[in-house]
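Quick mapping for you: the protein sequence lines, in order, are chains V and H. If you're matching positions, the first sequence starts at 12 in the numbering used here and goes up one per residue. If you're matching positions, the second sequence starts at -18 in the numbering used here and goes up one per residue.
Watch out, some of these pointers could steer you wrong.
In silico SDA-like links for lysine to any residue, alpha-carbon gap of 20 Å or less [what the hints assert, rightly or not]:
1) K277/H / Q166/V
2) K199/H / Q300/V
3) K277/H / N56/H
4) K74/H / P255/H
5) K199/H / D41/V
6) K65/H / F275/H
7) K277/H / D255/V
What the simulated footprint calls covered on chain V by chain H, stretch by stretch (three residues with Cβ under 8 Å from a Cβ of chain H suffice, anywhere in the stretch; the number is not a length) [claimed, not checked]:
8) 89 to 101
9) 207 to 219
10) 245 to 255
11) 281 to 294
Simulated restraints on C-beta separations [what the hints assert, rightly or not]:
12) A172/H / L78/V: 17 to 27 Å
13) F136/V / F67/H: 39 to 49 Å
14) E135/V / L307/H: 33 to 43 Å
15) G169/V / V30/H: 17 to 27 Å
Keep in mind the hints are simulated off the structure, nothing from the lab. Cβ coordinates follow ideal geometry from the N, Cα and C atoms, glycine included.
These are the residues of each chain, in order.
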Amino acid sequence: MSVVAADRKPVGDREPVKDRKLTRVAVSGDRRFAAISHALLIVWSVIVIVPMLWVLMSSFKSTGEILSSPFSLPEHWRFENYANAWTDASIGRYFLNSVIVVVSALILVMLLGAMCAYVLARFEFPGRRLIYYVMLAGLTFPVFLAIVPLFFQLQNFGLLNTRPGLILTYVAFALPFTMFFLYAFFRSLPHDVYEAALIDGAGDWRAFFQVMLPMARPGMAAVAIFNFLGLWNQFLLPVALNTDQDMWVLTQGMAAYASSQVYDIDYGALFAAIVITVVPVLIVYCVFQRRIAGSVSQGTFR
Amino acid sequence: MKDTIPTAKTASRRPEPAARGGRPRRRKLTFDRVTFFLAFLGVPLAIFVIFVLIPFGQAIFWAMTDWRGFSPDYNFVGLDNFTKMFQDDIFLKALRNVALLAVFVPLVTLTLALGVAVAITLGGPSKGPVRGIRGASFYRIISFFPYVVPAIIVGLIWAQMYDPNAGLLNGVLTGLGLDRFDTFAWLGEKATAMPAVMFVIIWGLVGFYAVLFIAAIKGVPAELYEAARIDGAGRLRTTVSITLPAIRDSVQTAYIYLGIAALDAFVYVQAMVPNGGPDNSTLTISQRLFNVAFAKQQFGYATAMGVVLAVVTLVFAALVFLVNRLTGGGEGESKRKAPGSKARRAAAEGGAG
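Bound conformation, chain V alone (with noise of 0.2 Å):
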């Protein structure tokens, strides 16, 4: 089914067909577009695509066969390549200090966003306003601005090169776009299961955590979604804040790992390692494709 337009754009469904020369010029035109567009589509589709299956096909080879031939498939699919990319390169350590800081992240962004969005978009109380502001502000300035002040912020309260610094961080910058689009959702949301809540004598607390909070899941999920991308495919934030190689996230373990390749290139297993990284964040993808195109929409035009 094509999902794009079909599904969602009533233009005049069943509307009987009013003129039938206008239909033939139509349709030699549609053909003619429809095979621009094919062409198109198809060129972009090709560039895509090409380099990512270079890099996988490459990532079962040596390096000679890469050098000598790089369009034919591997003669030996060589798995020890990811092996290798696995524990020397260590990026099976990376992987896994990256899975715990952008879970965290993840988990802590998402309370801490959807409680702050709830009490801004639901009550009316002084100061709602500017802190709505303030937000936006934090969302629009480079954080090239923050990021050496912020370096010693960490440094001051000990947090520089650890886990929690880190995810500290993590969640401070990911929380204005967190609480943007939950605000807006929050908002949609209809009151009168809110007010009963209360009258059944939920208080406060009780009535976001049992009543708003799992209204509000599906908004949630997009935003999840969203900022687990942003959060694992981070780098700037790692590389200043976090130089301890024990810690390294797989952002900054990758860059580490190609540009220490130049004097001792295994390219095999740095396109193992690319590999690697790449699989978890398609997987997500493909799981999530189709909310991820239709948040992309309410989210940013809303």
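With chain V held as given, fit chain H onto it using these hints.
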């Protein structure tokens, strides 16, 4: 029938907050309520203030000092860092590179993304219900792919693609008989390094914006297309006269996001040309800032660069707004924009009352 169905569907897709009773309310203070507010607002705000707001504030102050980090002494030097910066050839080069990125990356990305989005949504037959092109979801999934790949990996993949000896690009080109590309260093030649970097950033971002535009195009009221078709407008005409003006504000938003991404570009250049490229031809402000701060420990000077980067970002955003406004976009907002903005305004009014 033609009138009622679309409105009903739009309404169900975008619930109007005001109508659904999202009205903020005031109640008397109880213990429960006070702890609730402290936890719900206090904790997130504390984290935000400590790790985002205070560093931003400190940055402005430190930009006017000669602080070098690990010693506690520093002098207040006013705007010296800024005058020094604008006499620093390397920084000026970085500024120029970043300006190039901010001009070309959004332009090309948006053109391609619009092309892909239009081809996917309007490529199908124009009679009956508007369908997407055949294979629309396949194309959409594929073109979004690079966006989910971590940017650092996108950079590393292309660093390998561009590799003079092992890279696929030169493999393809020599395969086509262009022997002079046998060991051509795309990222090592002054003439090609910057375009090569730009291409990679564009490659990574087109899919995301294509999906954005697909959504925006789907938000265009269906009656507009219907009317154009009855008036005998062709596909190209429909695209230029209806689709583009209708999604103009989306394009503006996308332009600003992209500009911000291009002004940064740190991840991509670190992955492909960590040393700034031949003759610093791909050096970015972000890279320069990072080195000055964390390699040379000139924290005051580096923070000042951060301030310049922030100012450049804001100026860029303001320019995009201005151009859009001057060329006739923006002011017709209330008429044209999707029901979302109306709902938002209604919600704001409801909130005030």
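Q | Verdict for E135/V, L307/H (Cβ pair) under range 33 to 43 Å | A | For E135/V and L307/H the Cβ distance comes to about 38 Å; the hint holds.
Q | Cβ distance range 17 to 27 Å for G169/V and V30/H, holds or violated | A | For V30/H against G169/V, whose Cβ atoms are near 18 Å apart, the range 17 to 27 Å holds.
**Q.** Per-stretch coverage check for the segment 245 to 255 of chain V, three Cβ contacts closer than 8 Å to chain H
**A.** Our answer is that it holds, as 4 residues pass the Cβ test (under 8 Å) against chain H, meeting three.
Q.
Taking beta carbons only, do three or more residues of the segment 207 to 219 of chain V come closer than 8 Å to chain H?
A. holds (count 4)
Q: Note whether the CB distance of F136/V and F67/H lies within 39 to 49 Å or breaks it.
A: Roughly 46 Å apart at Cβ, these two residues keep to the hinted range, so it holds.
Q. Is the straight-line distance between the alpha-carbon of K277/H and that of D255/V 20 Å or less?
A. holds, 19 Å
Q.
Please verify whether K199/H and D41/V have alpha carbons no more than 20 Å apart.
A. holds, 19 Å
Q. Within 20 Å, alpha carbon to alpha carbon, are K277/H and Q166/V?
A. Holds. K277/H to Q166/V sits at ~18 Å (cutoff 20 Å).
(Q) Just to be careful, I want the Cα atoms of K74/H and P255/H compared with a cutoff of 20 Å; is the pair within it? (A) holds, 16 Å
Q. Between K277/H and N56/H, is the straight-line Cα distance small enough, at 20 Å or below?
A. holds, 18 Å
Q: Compare the distance between the alpha carbons of K65/H and F275/H with 20 Å, and conclude whether the hinted pair is satisfied.
A: holds, 19 Å
Q) Between A172/H and L78/V, does the beta-carbon spacing fit 17 to 27 Å? A) holds, 25 Å
Of the numbered hints listed earlier, the single one contradicted by the structure is hint 8.
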